[in-house]
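Heads up: the sequence lines are chains P and X, in that order. Just so we're aligned, residue 1 is where the first sequence starts under the working numbering, counting upward by one. Just so we're aligned, residue 1 is where the second sequence starts under the working numbering, counting upward by one.
Since the hints were made in silico from the structure, they are not lab data. A virtual CB, placed ideally from N, CA and C, is assigned to each residue, including glycine. Careful: at least some of the hints might be erroneous.
Claimed, not checked - List time: in silico EDC-like cross-link candidates among lysine to aspartate or glutamate, alpha-carbon distance up to 16 Å:
#, chain 1, residue 1, chain 2, residue 2
1, X, K317, P, D10
2, P, K45, X, E87
3, X, K44, X, E90
4, X, K209, X, D161
5, X, K318, P, D10
6, P, K55, X, D113
Unchecked claim - If you want the footprint, here are the derived chain P segments under chain X, 3+ residues with CB under 8 Å:
#, region
7, 9–15
8, 20–28
9, 47–55
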Amino acid sequence: MKSFEYVITDPVGIHARPAGIIIKEIKKFVSTVMIAKGDKSVDMKRGPLGVMGLKVKQGDTVKLTIEGPDEAEAAATIETFFKENF
Amino acid sequence: MISIQGKGVSTGVAIGPLYYYQRAKSTIRRYEVQDAEAEWARFKDAQAKAVEQLGVLAEKAREEAGEEAASLFETHQMMAEDMDYEEAIENLVKEDKLNAEAAVTDIAAQFADMFANMDDPYFQARAADVKDVSGRIVGILTGVVQGGIDSPVPVILAADDLAPSETVQLDKSRILGFVTEGGSGSSHTAILARTMGIPAIIGVGDQLKPEYEGREVIVDGSTGSVIVDADEETRARLMAKREEQLKHQRMLEQLKGQPNVTKDGQSIKVFCNIGNPEDVAAVLSNDGGGIGLFRSEFLYLNCEDYPSEEDQFEAYKKVLSDMDGREVVIRTLDIGADKQIDYFDLPKEENPALGNRALRICLNRPEIFKTQLRALYRASAFGRLGIMFPMVTSVWEVKEARKMCELVKQELTQEGIPFSDDVELGIMIETPAAAIMSDRLAKEVDFFSCGTNDLTQYTLACDRQNNDLGRFYNPHHPAVLRLLKMAADNAHKNGIWIGICGELGADLELTETFLSIGIDELSVSPRSVLPLRKKIRETDTGAVRDRLIADLMNDTPTI
Numbered sequence: 001m002k003s004f005e006y007v008i009t010d011p012v013g014i015h016a017r018p019a020g021i022i023i024k025e026i027k028k029f030v031s032t033v034m035i036a037k038g039d040k041s042v043d044m045k046r047g048p049l050g051v052m053g054l055k056v057k058q059g060d061t062v063k064l065t066i067e068g069p070d071e072a073e074a075a076a077t078i079e080t081f082f083k084e085n086f
Numbered sequence: 001m002i003s004i005q006g007k008g009v010s011t012g013v014a015i016g017p018l019y020y021y022q023r024a025k026s027t028i029r030r031y032e033v034q035d036a037e038a039e040w041a042r043f044k045d046a047q048a049k050a051v052e053q054l055g056v057l058a059e060k061a062r063e064e065a066g067e068e069a070a071s072l073f074e075t076h077q078m079m080a081e082d083m084d085y086e087e088a089i090e091n092l093v094k095e096d097k098l099n100a101e102a103a104v105t106d107i108a109a110q111f112a113d114m115f116a117n118m119d120d121p122y123f124q125a126r127a128a129d130v131k132d133v134s135g136r137i138v139g140i141l142t143g144v145v146q147g148g149i150d151s152p153v154p155v156i157l158a159a160d161d162l163a164p165s166e167t168v169q170l171d172k173s174r175i176l177g178f179v180t181e182g183g184s185g186s187s188h189t190a191i192l193a194r195t196m197g198i199p200a201i202i203g204v205g206d207q208l209k210p211e212y213e214g215r216e217v218i219v220d221g222s223t224g225s226v227i228v229d230a231d232e233e234t235r236a237r238l239m240a241k242r243e244e245q246l247k248h249q250r251m252l253e254q255l256k257g258q259p260n261v262t263k264d265g266q267s268i269k270v271f272c273n274i275g276n277p278e279d280v281a282a283v284l285s286n287d288g289g290g291i292g293l294f295r296s297e298f299l300y301l302n303c304e305d306y307p308s309e310e311d312q313f314e315a316y317k318k319v320l321s322d323m324d325g326r327e328v329v330i331r332t333l334d335i336g337a338d339k340q341i342d343y344f345d346l347p348k349e350e351n352p353a354l355g356n357r358a359l360r361i362c363l364n365r366p367e368i369f370k371t372q373l374r375a376l377y378r379a380s381a382f383g384r385l386g387i388m389f390p391m392v393t394s395v396w397e398v399k400e401a402r403k404m405c406e407l408v409k410q411e412l413t414q415e416g417i418p419f420s421d422d423v424e425l426g427i428m429i430e431t432p433a434a435a436i437m438s439d440r441l442a443k444e445v446d447f448f449s450c451g452t453n454d455l456t457q458y459t460l461a462c463d464r465q466n467n468d469l470g471r472f473y474n475p476h477h478p479a480v481l482r483l484l485k486m487a488a489d490n491a492h493k494n495g496i497w498i499g500i501c502g503e504l505g506a507d508l509e510l511t512e513t514f515l516s517i518g519i520d521e522l523s524v525s526p527r528s529v530l531p532l533r534k535k536i537r538e539t540d541t542g543a544v545r546d547r548l549i550a551d552l553m554n555d556t557p558t559i
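Pulled out of the complex, with its shape left as it was, chain P reads as follows (with noise of 0.2 Å):
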């Protein structure tokens, strides 16, 4: 299992567009990918609802959990993903 926080900097939050992009990336790996802010917690793969439901914003630490053979690569994509868009 991997897992990472991260602090969100954009100022919108995680908003539609590039969730969008990255779960749309998420679905190429086996691996399942948790996110996590607080204690409510949505499986990414299942789509954009249940991530834009968590209401992420500017300052919010999001936990990020990994998890399945390919959890490295797929750690190392989302991390990258999330430093660069949000």
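Let chain P serve as the given structure and place chain X on it in line with the hints.
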């Protein structure tokens, strides 16, 4: 004549008959299904069709409005296939035996409510996305063709609010402009309308009435006004404005991307004057080569207290990043005289134009100056920055300002904060003293930029605020033009560039004169860029230079 005021979110003037958008407003039937599995299959089929349609729309948007508009529909595709959404619908169909269209409608309302109840405008606006996607699926399930315009002539389209998919599916050859009752400036509709170059006015509320359908309306996107059955005078005025815009549009198409070069091969830069970061869009759409004057006052005028270094940094950084490597000259604080700010607590002066203003305030209150310079240098890491000091009269002032810049750079270096080493420092030439001392001042800076409004006021001893001075306030006065020439000659002798950022820069009657005295840059309002480019491209400087300079040195009757 009926006059309605809304909020213009996409500029342009358009005239045509008002037409209400025909939306598929079938009432959703609600019933218990016998074969839940078959009903579920019916949903899956409609969902697949919706995803396919959205894919087509994404491609269409990509061609018409670019990548960002396209990705919106791709996100909608993902919403249509979202598992939380799909499973909730599946549950209603399979467990409650509810028909698919009713199930989709119910679940859409649930998600829309979730977004609408969030305390953040961005997330609230996503309720419209969920409804839009669901409306499409319901439309497919009920066999309704997605709405459109059934009119033989182009129309001004009215609606309560248009969903993004509705905007993009419209036959745009039939639409002259949009008027919506609701909506916001950051709604997808407003963004798409702007990208597509159609005027749009939102938020007219119930002032717009269905009985106006078919009547002639004129919409003006720059003022947000909607006129139904305009009277002769209003109609003529707005038609003239429309004509002006069309002319500008044609000029834009012809001159965009062309160099600012005279017939005999002399190049001059045409930059823009802006007053806040949002103006960059106009600079780019009018093909401005850079920003020759970014007035930093807006940061100070729009607040109750001194703006923080961070707020300033963000604003400067935004402009520098948006200009993508093109030069941006930012003028340091220029208040006093006609621009007063309460929290500066400046004593009232008999004669503020000759008083404590601009660089004088900055040198007297180094803490304010330093905050601004720190923000500027920090932002310099994100583009090509020039810093310009206003209201200079003496060499020592420039030396003192430069010393402050050095101090700021030292501090940033010590703190490990990055900044550019290539920041150009310049001054405004807007006092006779600065023009007369330009031989000495040119040794202290990288550029000059002439503020012709103040230069005229100070040179001719004519208050620029006093409208009664009439023919005495003459910016074409040879005294003003000779000072410009003097500054230009001294700039070039010392190998630095000189620009004009006052209103005179856009005065086409003087373009030939400016080219003749060798001005290197003209900074004008974004809308003046292309008319000026046209004038430059029609000029043969070699043929007029000697005569114009002789005119300048002899006070000929033409001036």
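Hints and how they fare:
1. X:K317 <-> P:D10: holds (15 Å)
2. P:K45 <-> X:E87: holds (14 Å)
3. X:K44 <-> X:E90: Holds - the C-alpha atoms of X:E90 and X:K44 are around 10 Å apart, at most 16 Å.
4. X:K209 <-> X:D161: holds (14 Å)
5. X:K318 <-> P:D10: holds (14 Å)
6. P:K55 <-> X:D113: holds (14 Å)
7. 9–15: holds (count 3)
8. 20–28: Per the Cβ count (4), the hint holds.
9. 47–55: holds (count 7)
Consistency with the previously given hints is maintained throughout, with no hint failing.
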